[in-house]
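In the order they appear, the protein sequences are chains A and B.
The numbering used here numbers the first residue of the first sequence as 18 and each following residue consecutively.
The numbering used here numbers the first residue of the second sequence as 9 and each following residue consecutively.
The set of hints was computed from the structure by calculation and includes no laboratory data.
Honestly, I wouldn't trust all of these hints.
With a cut-off of at most 25 Å between alpha-carbon atoms, the simulated SDA-like pairs for lysine to any residue come out as follows [as the list claims (entries may be wrong)]:
hint: 1; chain 1: A; residue 1: K230; chain 2: B; residue 2: K95
hint: 2; chain 1: B; residue 1: K95; chain 2: A; residue 2: L60
hint: 3; chain 1: A; residue 1: K134; chain 2: B; residue 2: A192
hint: 4; chain 1: B; residue 1: K118; chain 2: A; residue 2: V162
Distance ranges between label pairs, derived from CB positions [what the hints assert, rightly or not]:
hint: 5; chain 1: B; residue 1: G212; chain 2: A; residue 2: V152; range: 33 to 41 Å
hint: 6; chain 1: A; residue 1: S70; chain 2: B; residue 2: A100; range: 42 to 50 Å
hint: 7; chain 1: A; residue 1: W215; chain 2: B; residue 2: E196; range: 34 to 42 Å
hint: 8; chain 1: B; residue 1: R180; chain 2: A; residue 2: R148; range: 18 to 26 Å
hint: 9; chain 1: A; residue 1: S223; chain 2: B; residue 2: A100; range: 45 to 53 Å
hint: 10; chain 1: A; residue 1: F203; chain 2: B; residue 2: A157; range: 40 to 48 Å
hint: 11; chain 1: B; residue 1: K206; chain 2: A; residue 2: A46; range: 58 to 66 Å
In this text the structure is predicted, and so the values were computed from the model without any measurement.
Where is the CB? At the ideal position from N, CA and C, for every residue including glycine.
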Amino acid sequence: MTINWDLVWGSLGPILTGAITGTIPVALASFGLGLLLALLVALMRLSRNPALSAIARMYISVIRGTPLLVQLFVIFYGLPSIGITISPWPSAIIAFSLNVGGYAAEVIRAAILSVPKGQWEAGHTIGMSRRQSLVRIILPQAARVSVPPLSNTFISLVKDTSLASLILVTELFRQAQQVAAFSQEFMLLYLEAAVVYWTICLVLASGQSVLEKRLDRYVAH
Amino acid sequence: MSPTESNLPDAAALLTVRGLRKAFGRHEVLKSIDMDVRRGEVVTLIGPSGSGKTTVLRCLNGLEVPDGGIVEFASDLTVDFSLPVPKKQLSAMRDRSAMVFQHYNLFPHKTALENVIEGPVQVQKRPKAEAIEEARELLARVGLADKEASYPFELSGGQQQRVGIVRALALRPQLLLFDEPTSALDPELVGDVLSVIKELADEGWTMVVVTHELAFAREVADEVIFMADGVVVERGHPDTVLRDPREERTRQFVDRLLNPF
Numbered sequence: 018m019t020i021n022w023d024l025v026w027g028s029l030g031p032i033l034t035g036a037i038t039g040t041i042p043v044a045l046a047s048f049g050l051g052l053l054l055a056l057l058v059a060l061m062r063l064s065r066n067p068a069l070s071a072i073a074r075m076y077i078s079v080i081r082g083t084p085l086l087v088q089l090f091v092i093f094y095g096l097p098s099i100g101i102t103i104s105p106w107p108s109a110i111i112a113f114s115l116n117v118g119g120y121a122a123e124v125i126r127a128a129i130l131s132v133p134k135g136q137w138e139a140g141h142t143i144g145m146s147r148r149q150s151l152v153r154i155i156l157p158q159a160a161r162v163s164v165p166p167l168s169n170t171f172i173s174l175v176k177d178t179s180l181a182s183l184i185l186v187t188e189l190f191r192q193a194q195q196v197a198a199f200s201q202e203f204m205l206l207y208l209e210a211a212v213v214y215w216t217i218c219l220v221l222a223s224g225q226s227v228l229e230k231r232l233d234r235y236v237a238h
Numbered sequence: 009m010s011p012t013e014s015n016l017p018d019a020a021a022l023l024t025v026r027g028l029r030k031a032f033g034r035h036e037v038l039k040s041i042d043m044d045v046r047r048g049e050v051v052t053l054i055g056p057s058g059s060g061k062t063t064v065l066r067c068l069n070g071l072e073v074p075d076g077g078i079v080e081f082a083s084d085l086t087v088d089f090s091l092p093v094p095k096k097q098l099s100a101m102r103d104r105s106a107m108v109f110q111h112y113n114l115f116p117h118k119t120a121l122e123n124v125i126e127g128p129v130q131v132q133k134r135p136k137a138e139a140i141e142e143a144r145e146l147l148a149r150v151g152l153a154d155k156e157a158s159y160p161f162e163l164s165g166g167q168q169q170r171v172g173i174v175r176a177l178a179l180r181p182q183l184l185l186f187d188e189p190t191s192a193l194d195p196e197l198v199g200d201v202l203s204v205i206k207e208l209a210d211e212g213w214t215m216v217v218v219t220h221e222l223a224f225a226r227e228v229a230d231e232v233i234f235m236a237d238g239v240v241v242e243r244g245h246p247d248t249v250l251r252d253p254r255e256e257r258t259r260q261f262v263d264r265l266l267n268p269f
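Next comes chain A alone, as it looks inside the complex:
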């Protein structure tokens, strides 16, 4: 098999455009929104209110117990039949955010629980409300613990955004598919897409180590 380098360079344009205008913004937006949702769900799950905790548990169970592709299809292809039509981009961001929200909620919950009870008590004794202790004392410490697992979530998300190609979002993989269909060079184009995903994830992984080092500055080594 000879490699058609002209095609490789020629297709890099549309593929990178797909990455920059599709994959990366969808992943960033979904991760941001998903984290906010996850924090909320984690706090509900930890709440002493049994109703809140049950709702959170249910949500996590549904998100983790159903395939992401099914969630995506329900939102994009399913909702129109009950009169709710959402265009591809927002559909993708909603589905991915909900998905991140479910997985990251458990990460955040575990990270909050990993902070010793004495930290809540120290916050209490200096006069803080539970909310103040949470924001100023507990979450900064939980953040450190949750960076590695949340990085996993983020990296998975970047790759999962390729599913958005199936609901017509012009992202990295959809661009690759289109060039492949046109040129009939499937192996080449799909490997090229794989390399671009891998590169994005390498950048994220190095970002993770920078962040870990920063947050580790107050821990004994």
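Since chain A is already given, all that's left is putting chain B on it; use the hints.
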């Protein structure tokens, strides 16, 4: 200091506790504890583990909510735990005292200085510059002037506990609560921390100290309370309780601490 103070039967009373009760599930940890602490007084609580002495402190600081009893601060705050207590009243009670923990419980993600100013700045909303200045003075007084930028993991146990004490002082509470402040320390570091506490006592700080350090209790305390199984077995001047106790249980406990072998 309130002007009505002189009308009280005991002008110097800072804290009055009556019938304090607390149970965890079916286990009664405190069965009606009475306690009086006057301004400037040092009260030490001693007793075997599980006697409830730490729970007394935790109830006073609102870390546990008692099931019954009355806690009264000076003449202006009375909390009756036999009734449902509004949150506001609980925080008001909590704000009268500050706790120094056995395991220090410093905030690991904050420097020594940041640990100290967190309460004054974030909770009491005092100007940051003023809080920093005061924190520096306090840190210098406990011999940590050069450690303000250190994170807790960079400090020894004794240094961490001194930061813990300064963090409590910076809140300007009426009452300091020490929960076995030296129990987690290496023996050679105990002295530094105890001498800081003694200095504070000499300066007139009011404090309740849970401790196993009988020598400290004998030298610093105005009153020693011996607790066992959730009740006060004996109380009085340290010379009496620690040298010549009336109760057999007190004698046994003191003997065992003084002669472990």
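Hint by hint, here is what the structure shows:
no. : hint                        : in the structure
1   : A/K230 x B/K95              : violated (40 Å)
2   : B/K95 x A/L60               : holds (21 Å)
3   : A/K134 x B/A192             : holds (17 Å)
4   : B/K118 x A/V162             : holds (16 Å)
5   : B/G212 x A/V152: 33 to 41 Å : holds (36 Å)
6   : A/S70 x B/A100: 42 to 50 Å  : violated (30 Å)
7   : A/W215 x B/E196: 34 to 42 Å : violated (55 Å)
8   : B/R180 x A/R148: 18 to 26 Å : holds (23 Å)
9   : A/S223 x B/A100: 45 to 53 Å : holds (51 Å)
10  : A/F203 x B/A157: 40 to 48 Å : violated (59 Å)
11  : B/K206 x A/A46: 58 to 66 Å  : holds (59 Å)
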